[in-house]
Amino acid sequence: MDLTSDINCPPREVVDVIQRDPVLMMNLLKLVNSSYFGLSQSVTSVNHAVVYIGINTVKNIALLTAALGVLPRKNKAGFNIDDFLLHSLSTAAISKTLAKKVAVPERELSDFFLCGLLHDFGKIVFTNFLPGEYQKTLLVAKEQGLPLYEAEMQVLETDHAQVGSLLAEKWRLPSPVVECIKNHHCRDSRQQLMTDAVFAANQISKKTGTGYSGDNIVQELPDKIYDLLGAEDIENVILSLGDVTATLDKSFLRQ
Amino acid sequence: MKIQFWGVRGSIPSPGAKTVRYGGNTTCIEVKTDSGQTIILDAGTGIYPLSQQLLSVMPLTCHIFITHTHWDHIQGLPFFLPLFISGNDIRIYGAFDPLLQKDIGDVLRDQMAYSYFPVRETELAADIQYTSLRERQTTEIGSTLVTGIITNHTALNFGYLIESNGKKVFFTGDNEELFNIYSPEDDSYEEYNQIIQHKNDFLHDFIRGANVIIADSAYTSEEYLAKKGWGHGTYEYCIEMAKKAEVPSLYFTHHEPLRSDDELDRIKKQLEARFSSSPGTPLLYMAYEGLEINL
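Just so you know, the protein sequences line up as chains A and B, in that order.
So that you can map any letter, position 241 of the first sequence is 241 in the working numbering, and since no number is skipped, the others follow by simple counting.
So that you can map any letter, position 1 of the second sequence is 1 in the working numbering, and since no number is skipped, the others follow by simple counting.
It is worth saying that the hints were derived from the structure and are not from the lab.
Just so we're clear, the structure is a prediction, and the values are computed from it rather than from any experiment.
Ideal Cβ positions, reconstructed from N, Cα and C, are used throughout, including at glycine.
There could be a bad hint or two in this list.
Unchecked claim - Ranges between beta-carbon positions, derived for each pair:
id : chain 1 : residue 1 : chain 2 : residue 2 : range
1  : A       : D188      : B       : Q137      : 42 to 48 Å
2  : A       : S175      : B       : P15       : 22 to 28 Å
3  : B       : Y116      : A       : V102      : 54 to 60 Å
4  : B       : S183      : A       : T158      : 41 to 47 Å
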């Protein structure tokens, strides 16, 4: 809000704020990829949106979203939004770093970031639209020591991956992004490197205790990630990422 | 195809002794096709003198394409006299407003709300139809094709390519050169450059084959240093764009409101001296009210 009311705010700072917030990001991409613009290709990063529709329009979309209320920090489900944002953001940063590490081309890195940022977006839907049921789900996961998506299946008969991907599909995000959100709990996708990277980033984020997204159960990383990095276990992978912590610290300090 | 300029000024009308020769009205360009269709690009204050001329051709069918809805591109529309006369068929096209979720008709109707104008849009006698366009959507007007592409401005802006009887003209609307928002040492710098490159290629491919570009060239490159991000082009950038798209003729428009006739003459001479010997430089023209291009 402060940034968008400053006429001289540097564009990169606007981009920085949007891409650290899953809701601003989802709203921006929803609008930019909507038929109103009819762009000939899908837009998956804020930078891409800025080049295609201009910083002022991007800034105003962000302002509109922010004005409508980004994410209430308190909700009836008792889901901690600050911790959730931290988890989303760290997963995004780790996913992008992993991709860079295994020589994914520069132009595709933003998709790895985006999928990391939005992978748990379905939880926001539950928190906002089924707060009572979701409170129960969180309790089930905690009491039975289940991954949150299994508890969701038990209580809600669907999970956040399914719901998040349906929303991403409805908002016309590119199909690899939709698939990645849908499959981000499948170890070894055997198809998309992006899904494996987000899976791994999700585990690393939990392992390092960066934020919290409903459970702390860390699963084995996909074989493809081990192979590509020449690592044997998650600790090795974390070590090989090296500077990712520095990147994270930088982003968090500026939040 | 005959193209005529009725308004060449940007931002705000600029009447006065220093703008007599080039004119002080804001953007409006008339395109008359060989088969007699009337297409109007933007409805700045220049559309008012145009409308007086069109009074002699009633009943009128015309197609008005709005690049974007900033005032200097729509302010003349409530004074477009054919709107008040029954039997005229006026089609108006432009972008959907993604922020306010309004189509082009709603945005333009708002301009005629009671607070701003004595006649409400619903009181107009002509048959008026509005069409919100998507990028690269082609409108067929007889055998003439009009297609929009999003250019870089502070509002959603369409540059329009008109193709008629084998000739093509492209009008940028308001358009600034894309620039990298990062510093070379930043992680995202290279990625951003690639996106810019892609978008520029997309624009140049779209324009290639045009006979004429009419381009927003509000600033000199020296002035631009203080106006970066304001959504307008420089003379130098427009020349570069025409060269890349291999277009032989370039018309500069959207003149700064404070730019005097003498200054425009001087800038044109300087540009010709600097660029005319450089290979691929198009013929350079400074647009003025009344200037006609016959293609």
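Verification of the hints:
1. A:D188 with B:Q137: 42 to 48 Å: Cβ of D188 of chain A to Cβ of Q137 of chain B: about 43 Å, so the range 42 to 48 Å holds.
2. A:S175 with B:P15: 22 to 28 Å: About 55 Å separates the Cβ atoms of S175 of chain A and P15 of chain B, which means 22 to 28 Å is violated.
3. B:Y116 with A:V102: 54 to 60 Å: About 58 Å separates the Cβ atoms of Y116 of chain B and V102 of chain A, which means 54 to 60 Å holds.
4. B:S183 with A:T158: 41 to 47 Å: Taking Cβ atoms as reference, S183 of chain B and T158 of chain A lie about 45 Å apart, which means the hint holds.
In summary, the structure is inconsistent with hint 2 from the numbered list given earlier, while agreeing with all the others.
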